[in-house]
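J.: If you want the building blocks of each chain, they are given just below.
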Amino acid sequence: MGELFRRFHYLLHRNRLQRELQNDIEFHREMSARAGSSNFGNALRMQEQAREAWGWMWLERLMQDLRYAWRILRGSPGFTVTAILVLAIGVGANVTAFSLFNLIALKPLPIRDPESIVRLERRSPENITPTLPFVSVEFYREHARTLSAVMETMGAPAMEFEQDMQPVSVRFVSSNYFAELGTRSALGSLQLPPERNAPPMVVLSYGFWQARFGGDPSIIGRTVHLNKKPATVIGILPEDFAVLDGSDSDVWLPILQQPYFVEGSKLLTDTGSGGDVAMWARLAPGVTPRAAEQELLGLTNQLRKLYPKLIWDNEYIISEPGGHNTIMRPEMYEIAAMVGGLVLLILVVACTNLGGLMMARGIAREHEISIRVSIGANRQRIFRQLFTESLLLASLGSLAGLALSCLVMRLTLTATDAPRWMSSIPDWRVLAFTAGITGLVAILFGFAPAWQIARQRQRRNFARQVLIGTQLAASSVLLIVAALLVRATHHVLYTDPGFGYEQVFSIAPGLDNHGYDAAKSRAYLDQLKTRLSALPGVQSVALSQMALLGNGVTASMSVLLHGKPVTIYPNSVDAAFFRTMDIPLLRGRTFLPGEKDVDIVSESFAARQWPGEDPLGKSMWRDDSKNNKDVIVGVVGDAHIKALNDTDALEAYWPAQPENLAGMSVIVKTAGDPGQMLQQAKTVVESLDPKLFPYIWTLKSGFRKNTKQLEDITTIVGLLGMLAISIAAIGIIGLVAYSVSQRTKEIAIRLALGAKRLHVVATVLKQFCWPIALGAIAGVGATAVVSRFLRRFLFGIGNLDPISYVAGTAILIMLIGVSAVAPVRRALRLDLARSLHYE
Amino acid sequence: MPMPDTPKPKTPQGALPMLILRVLHSGPLHGYAIAQRIHVLSSEVLAVEEGLLYPTLQKMLLKGWVTAEWGISETNRKVRFYKLTPEGRRQFKADLSDYDRVSEAIRTILHTA
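Line by line, the protein sequences are chains L and F. In terms of the numbering used here, the first sequence is residues 880 to 1718. In terms of the numbering used here, the second sequence is residues 117 to 229.
Chain L on its own, in the form it takes in the complex (with noise of 0.2 angstroms):
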């Protein structure tokens, strides 16, 4: 300890101290010579051996080194300001990528004690479901030791609010929520009420408070309706409030007066399978999530004696770590190193190209590397002088790149409304992510140059061919997995989906949370189905079991067809549903009302299951329990409604029996725009049964939002490829030029003595053939391989579509050609006299 001390005083007063250690010296010199002895040796260097056991002359040289490569940079402003704008894209893509994945799923909530929340989920051999009954939870808050408390939050429908045209989007939660987050009320309380009889009670989020209420305070004690039902406004969140999974919402009700707000749901008390409630835990003191998932097994045992439709067979929980922003599920995990990997191969691009640069640079830096050579300096002091030289570069452009990511971020949050918390300032994580590309970068960019100028071999071409080729794999990479998204976009939006949405909409009148059974629902239903067929402008009507393209749970089952698993998606519907959808029916017949035990299937479902064979009066399981055998009535056209991204999906249709009339939605065609037509319907379901709030939305809309994903994913990877082919293109253009000057001489010959100008061209331009064939072809290969984590993207195409491949290699190619242009334009205008009178 008192040594480190020491060395951090002498680094400290090192200025003084050498002082005193040159006298120190020259007195010793002094003193020799007084007694007659001349050979003392040189005193600069016995002081710098005496100061080099201070351990500090790393840093001194360091700070050396730092100095002269300072001093270089400045010297050449045109070189510095292209390679920090290179860099600082290349940086800056990698950074916010990051720091997106940090806020998503790194960062821990602002909330208390965010590390000991966990997300508990069902899972079973043969189900994977994140949300539980209400009564397992229920069971399991009682009983569970490991777990010191246990939430519950619970998505619904949107309600009613007085009287607004506009719905507000609600949610449940156990009245302990608010308090275990930690939460403190912008305004009035967040105590909901513990028993189910209080009086009802919600509290609003700061945004809607401020958007519907002008930020009145007086709204405290305020009573509002929901979907009609009276409750007392107790208090305001937040305008910060960090909540679990990301699910924000306007309005948040106690989850033990869902009966209320909902009239006639069994949700508290039903004890059949099933369920929508979300188990959030904070884990004891002390308790491991893998001891909680123990206790929680036991639990699930005793609940499956008091309850046996409740439990599947093998049923256990599992626990997630809650206390971040997303639950991160697998399938998010490969998109982000999707998202990862193309981000990185900006990086290769901008770091390739500036190694080109740099290697360029130092033939024009040979004249004073070879006197530094000649004056004493051995190669790995150069090296290292020219390497500090990179690393400055590289923190320079990674500031850069740090500072534009902070802008995107900023930018993106404001755009995407994200929750108040989350901020465009880097934390340390993205700083420590950041200082690590840094270090990165300045390797890539910067090791294999400063080791070849310092072993002055600058004018070998072999490194700067490869860079050239890496980097044009690269983009290369880029492109084409653009070209291939735009192409799945088109798809996506341009061709037939196999039904026809444009002019559809659908009802969810949610019979099933109000309570009716199945004669209720057919009476209910029939009287529907003919007050909107009498509207004007209605074509026909249908049910469907499937919310089609709005918010709704998609059943698909996993099967073995062949010994391949295929994923089949089965829909309960009636007679009329494949007119109203427009899906044609291809053969046999639709089913008869009141018919049991036959199917419909699409086309590629037969032609999977029965290969070259007729499939008309074929039976099949309908379910694992093998006691209903089904007889195949009829083949329809594909439609893959409930998986578009999913071009092997398989449907199956069954006829809509009684006992799932109550969670049947019904679908309407019109003649002409659904929209004009959504209030006429509103109007006409509540007036059958005012105690229900019907969800109706466009089919068009639920497809736009489908598709929304793929085109924003689109657009972004178009942009890294843009931005990946703009910095190639400033690479190209420089290396051309500078091939085009170092060889201004052999060109001024050959045209002087007569050569055609188009050859000395080809003689210029010859160098580059190789490496960017060569990259070209690498890139190829490797999107091959790639693209195949992309397929969950690629809608309607193969991940080795042809045309995307030729698309995107031949804008690369062309834009190489383009940049070529400039340089060699230039050199063919040459004054022929001066250039070579000049050598």
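Treat the hints with care, since some could be wrong.
Said to hold, decoys possible - Label-pair distances were calculated between CB atoms; the ranges are:
#	chain 1	residue 1	chain 2	residue 2	range
1	F	N192	L	R1334	49 to 59 angstroms
2	F	S189	L	E931	42 to 52 angstroms
3	L	Y947	F	N192	42 to 52 angstroms
4	F	P144	L	Q901	46 to 56 angstroms
Calculated directly from the structure, the hints in this document are not laboratory data. Here a beta-carbon is modelled for each residue, glycine too, at the ideal position from N, C-alpha and C.
Knowing the structure of chain L, use the given hints to seat chain F on it.
T.: Frame of chain L, contents of chain F only:
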């Protein structure tokens, strides 16, 4: 930047700190006097090279075995005197007993051979 030459010490390199500790034992001395005293005490066998003396002194300062104080030389010039610290004294004792043990061992080997 020149690479440091490998110095040809006229004094065994490892022994120099110990010798310095020994000559400072009897009181503070400046650098030149340290070299002189070692030379004299060794009956003019050992000569301390200046190129080695000052780096060694710097290392000993860092380790806290000696401190430097301003004083006036016999030629009436301001110069730093090096003085043993209590830690330096302890170090000297430890070095001395180590040295005795090792040289005794070497002597035994040489005489049995």
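J.: Would you list, in rising numerical order, the hints stated earlier that this structure does not obey?
T.: Numbers 2 and 4 - these are the hints that the structure violates, sorted from lowest upward.
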